[in-house]
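J.: Start from the sequences, fold in the hints, and give me the full structure.
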Amino acid sequence: MAKLSINGKRVDVDVDGSTPLLWVLREQLGLTGTKYSCGIGICGACTVHIDGTAARSCIIPVSSLNTKQEITTIEGLSVDGSHPLQQAWLELDVPQCGYCQPGMIMSVAALLKGNPDPSDADIDSSITNICRCGTFNRVRRGIHLAVDISKRGRS
Amino acid sequence: MKKEQVNISRREFLISTTTVGAGFALGLYIPLGSSLAMAAGETSSAAPEVNAWVVIEPDDTVIIRIARSEMGQGTLTGLAQLVAEELECDWSRVRTEYPTPGQSLSRKRIWGSFSTGGSHGIRGSHQYVRKGGALAREMLIEAAADKWGVPKAECSVAASVITHKPTGRTTTYGKVAAAAAEMIPPFEVELKDPKDWKLIGKPIKRLDTVDKLTGKQIFGADLQLPGMLNAAIKACPVFGGTLASFDGAKVSKLPGVRAIVAVEDNAVAVVADTWWQAKTALDALPVTWNKGANANVSSASIAKMLDEGLTAKQAFVGNQVGDAKAALKDTVKKVEATYAYPFQNHATMEPMNATALWNKDRCEVWCPTQNGEAALEAAAEAAGLPPSQCEVYKIHLGGGFGRRGAFHDFVTQAVSIAKQMPGTPVKLLWTREEDMQHGHYHPITKAKMVGGLDDKGNLLGLHIRISGQSILASVRPEGLQNGADMIAFQCMLPGGDHAISYTVPNLLVEHAMRNPPVPPGFWRGVNINQNAIYMECFIDELAHAAGKDPLEFRRKLMAGHPKSLAVLNAVAERAGWSKPAPKGVYRGLAVCKAFASYVAACAEVSVDNNGKLTIHRIVAATDPGYAVNPQQIEAQVEGSFFYGLSALLYGECTIKGGSVEQQNFHNYPSMLIAEMPKVEVIVMPSGGFWGGIGEPTIAVAAPAVLNAIFAATGKRIREFPLKNTDLRSA
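Chains as they are written, first to last, in this note's numbering: chain B, 1 to 155; chain D, 1 to 730.
Treat the hints as calculated values from the structure; they're not laboratory data. A couple of the hints might just be wrong.
Quick list of in silico lysine-lysine cross-link-like pairs, DSSO-like style, CA-CA up to 27 Å [as the list claims (entries may be wrong)]: (1) D:LYS612 <-> D:LYS563; (2) D:LYS325 <-> D:LYS291; (3) D:LYS456 <-> D:LYS583; (4) D:LYS205 <-> D:LYS333; (5) D:LYS165 <-> D:LYS198; (6) D:LYS678 <-> B:LYS151; (7) D:LYS175 <-> D:LYS131; (8) D:LYS253 <-> B:LYS3; (9) D:LYS612 <-> D:LYS456; (10) D:LYS131 <-> D:LYS198; (11) B:LYS9 <-> D:LYS216; (12) D:LYS563 <-> D:LYS583; (13) D:LYS131 <-> D:LYS216; (14) D:LYS456 <-> D:LYS325; (15) D:LYS678 <-> D:LYS579; (16) D:LYS152 <-> B:LYS113; (17) B:LYS151 <-> D:LYS205; (18) D:LYS723 <-> B:LYS3.
T.: Given below as structure tokens:
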């Protein structure tokens with residue numbers, strides 16, 4: 001039995017402790033926005049936040065987690081799709097197939113938490129998600145637009 | 001006039017996946033299938049279709065049916081634009097739906113081909129989908145005129161509102177749709193003149209973005225059906241090998257395991273409550289394989305096979321002008337080079353998957369597919385049932401790139417597993433490792449290029465001998481022409497969608513077909529990926545041998561190819577070819593006609609003293625004839641550079657012991673955001689034809705960069721990917 005805190009809710013999951021968080025999210029909790037692609041922590045499609053930090057959920061056994069750690073998935077990033085990144089992604093039509101985008105958005109959201117106005121070099125060094133459609137240039141523009149949206153929201 | 005009502009039943013259901021212990025609920029709209037629909041209490045829309053392409057709800061929602069698959073390339077939105085342009089409907093009320101392949105079968109393929117490949121989505125169906133929209137419009141207007149008792153000619157329409165011009169009375173499509181559905185469509189209808197287009201040509205937002213930002217978009221891998229089990233699979237890693245045995249007793253007691261089954265003659269699958277349980281048990285399952293005849297095939301043995309083809313006496317001829325061999329004997333300067341291009345995996349982000357439900361008299365499949373009709377055929381064959389007793393529901397694709405079009409091995413497997421568990425839906429999901437090792441790879445070829453110049457540096461003769469794999473021979477042998485695979489000559493042909501961009505006085509293009517036992521497939525760009533490298537890099541080699549500027553050398557050969565010349569000139573001008581590049585930055589050019597579109601690129605790169613390549617900027621031009629959605633064309637052009645340059649930098653599947661050596665993204669890397677160049681896209685539709693978008697640009701990505709690398713380093717790289725080469729200056 002694993003006890004977790006996901007998107008602000010406490011959940012008890014009856015699962016083998018070695019099961020990666022990704023599969024608990026997808027198969028026990030029905031949170032399929034977090035994607036499987038490589039299973040070895042490289043591509044970032046499975047990115048979630050653990051206490052606000054980006055984490056690749058496909059290589060994290062649930063037994064290593066507890067309810068004090070707040071896990072956020074794409075479904076919990078905003079209530080209504082209004083996170084500045086979601087607004088920016090919509091404005092620029094960033095996704096193509098869209099499969100990597102939940103992970104991409106979660107990686108960028110974590111970056112923005114610690115670095116609210118990242119330079120291109122910051123983006124290059126922190127965003128290592130794979131997108132096989134090649135949306136990277138719109139992803140980059142989307143990050144800068146999200147920063148603008150956030151600034152407008154604060155002013 | 002009225003007709004007998006034809007209506008298809010649309011099945012769309014809210015499936016509530018109430019989650020274990022957590023109280024989360026995801027509402028997923030997915031087609032549930034007839035067997036399960038009964039149980040779920042199907043509710044189908046009351047609105048009848050106006051015609052096969054258009055359904056209008058009483059509240060003025062416009063549903064446009066799309067037969068081709070959306071896999072990221074934007075065709076869903078583009079096709080809807082084409083229908084809506086003629087329909088004159090309110091774009092803000094448009095949504096789309098996929099008819100099923102089974103419905104297509106029962107209605108004599110009323111939606112035409114479902115195949116989504118070869119950059120055909122729009123160029124292959126623009127005529128009939130626009131006609132569908134136009135006919136629906138005429139029927140809707142006629143229904144309003146009938147209702148008012150006025151001549152149809154007195155009525156006009158804009159944004160779903162029909163107006164009787166003399167009286168100013170109005171009604172909406174939603175109010176007359178039911179009556180329109182009973183009209184007999186006009187026999188003929190004229191399509192709009194392109195100058196009158198209002199939606200086509202506009203950079204309209206995609207219709208399918210919102211759900212991709214919140215995790216709500218359901219891909220095949222995400223599908224959940226009531227009572228569904230999950231399967232993980234392992235096929236013999238050696239191509240052509242078979243399953244010898246497995247010891248199911250070793251894992252049958254592991255948590256969640258429900259069954260361990262042989263799949264076809266070459267694979268074994270574990271079925272369990274969850275996929276993770278299935279995968280865990282599969283990893284622990286002892287399996288033995290009959291490796292078969294290919295157990296000793298290696299990259300080296302394949303290279304030897306291809307080398308022999310480079311000089312073999314017999315070869316198929318794809319293009320012949322004058323007498324190239326004789327001309328080459330007489331030239332003042334002869335240039336020779338041999339290029340080689342490796343196997344590559346599509347590596348869609350979403351691994352292969354399909355969900356199947358088999359009963360003795362019906363089989364249903366839910367899957368991401370580029371060709372629903374082919375998926376239906378595969379399902380029927382594996383199910384042992386006629387196609388009329390099968391159905392396929394297309395689920396959104398997490399990438400396609402050709403992997404999910406001609407090949408439905410994942411459907412065959414899913415049905416084969418489901419058939420062993422009648423009445424239970426089973427979702428089969430491949431691991432990344434399985435996906436990497438059981439692809440249908442970009443074909444492997446080599447090319448020997450020989451060119452001859454006269455004393456003034458003019459190109460007198462060109463002989464191209466390609467040796468290597470034929471996709472058609474493996475995938476669609478009925479498509480061979482007297483044994484020749486004409487798509488092996490893409491962008492080197494005398495005319496057509498893949499015509500050569502140059503006029504060469506003496507030209508010979510040949511293909512010595514050599515088919516190693518590694519399954520080839522259509523891979524975004526098909527054969528232009530390597531052929532354009534061969535052609536465009538070698539033209540660059542010839543230009544340098546002639547002591548000429550690569551742009552001027554090309555221009556001289558392109559007088560008879562004005563559209564190709566126009567895109568080349570456009571990139572040269574935008575990139576500032578005539579002016580020096582910034583210090584340390586070098587430029588390269590490439591041009592190509594592919595999938596009926598004209599494309600060109602100028603790349604700007606630098607290579608530092610350690611051999612580190614930076615691709616700073618790409619200027620790309622595309623003339624697709626008509627540009628349906630320019631902002632989506634830009635996205636496809638950018639994506640093509642990503643895919644083409646990832647292939648150039650990293651893409652390589654090597655063979656050892658009859659198997660692909662690469663397993664996952666650690667040894668089959670992809671370009672990351674840090675490596676992605678700026679891409680400036682010039683969309684320059686010249687009108688009068690319909691060219692493809694998703695693939696053509698990939699042709700120029702690699703050669704433009706390679707030519708720039710030569711300019712920077714003096715090194716001609718002729719074997720790929722670049723990760724294997726030291727780029728430090730020669």
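J.: State the violated hints by number, sorted upward, taking the hints as numbered earlier in the document.
T.: 1, 2, 3, 4, 9, 12, 13, 16, 18
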